[in-house]
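Could you slot chain B onto chain A? The hints should help.
Chains as they are written, first to last, in this note's numbering: chain A, 1 to 144; chain B, 1 to 144.
Honestly, I wouldn't trust all of these hints.
[Unchecked claim] Simulated crosslink set (EDC-like; lysine to aspartate or glutamate; CA at most 20 Å straight-line): (1) B:Lys64 / A:Glu62; (2) A:Lys64 / B:Asp30; (3) A:Lys125 / A:Asp72.
Derived from the structure by calculation, the hints contain no laboratory data.
From a predicted model like this one, the values you see are computed outputs, not experimental measurements.
The chain contents come next:
Protein chains: 2
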Amino acid sequence: MTDFVLHPQLAKDGIWLGDFELCRVLLINDSQFPWLVLVPMEDDIADIYQLDNCQQAQFWRESKRVSEALMDLYQGDKLNLAALGNVVPQLHVHHVVRFHDDPLWPQAIWGQLPLKAYSPEQRAKQVSQIQQALQAHWQVVAES
Amino acid sequence: MTDFVLHPQLAKDGIWLGDFELCRVLLINDSQFPWLVLVPMEDDIADIYQLDNCQQAQFWRESKRVSEALMDLYQGDKLNLAALGNVVPQLHVHHVVRFHDDPLWPQAIWGQLPLKAYSPEQRAKQVSQIQQALQAHWQVVAES
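With the rest of the complex left out, here is chain A (with noise of 0.2 Å):
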């Protein structure tokens, strides 16, 4: 796990809030919507299903988590999850808080929107609520 390099991709579109036991934790800077992506810290993956086992049953561990977690912060009315790597080969999933009045709604949201980035002010604030909402099971938190 110590050569693991963020796809440069991932890093330009993501904000690093911390790393779990397998997943690298981001948060993606769009103020459209409150969404996270979990990149597990393995090299050559591209698919769930290439993790062995052990692997597997943390990842989702780590996704259920962040998945509760971003649930309860912002009472969205769905969650969405993906892991679609087309164009960023690096396994990297995708959970989106969807609301009836998100700009997409009902679509899904890939592709669809130029990013919006967060205002340093709701950056600070979106980084911090996050971190604390996890703050029992990060083993790296990122300094913002």
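For chain B alone, coordinates are given in the frame of chain A:
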């Protein structure tokens, strides 16, 4: 589980292949993509994180099984996995085999193109291939 009723939209779009221990398995009737949907046969569940730990573990075993079978059968370039449910609230998880030369690569497929039904011959072939690939795992096999 005896009270399980499939959402009418899923019943319309999907061809029932059979049931695993937890999930009903549907082949979406769209000849543009090899596309299975897993529907946990539990009432009132909208999101994966709402399954209990045991069901969730079973769900991901079934998902892995289906993912490997599809990628092995169709030799796809990428698997796309998604739980959206913004339109159909019953939890259902898409497993879509993608190819570099498919009609929407590299875009996500949801909401982009109308379904293009299989011909009766294609349909019979797909159903039988996938049922066979998963034959060790059916609790119930649908008759075609």
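Next on the checklist: To test your reading of the hints: which numbers does this structure violate?
Outcome noted: 2
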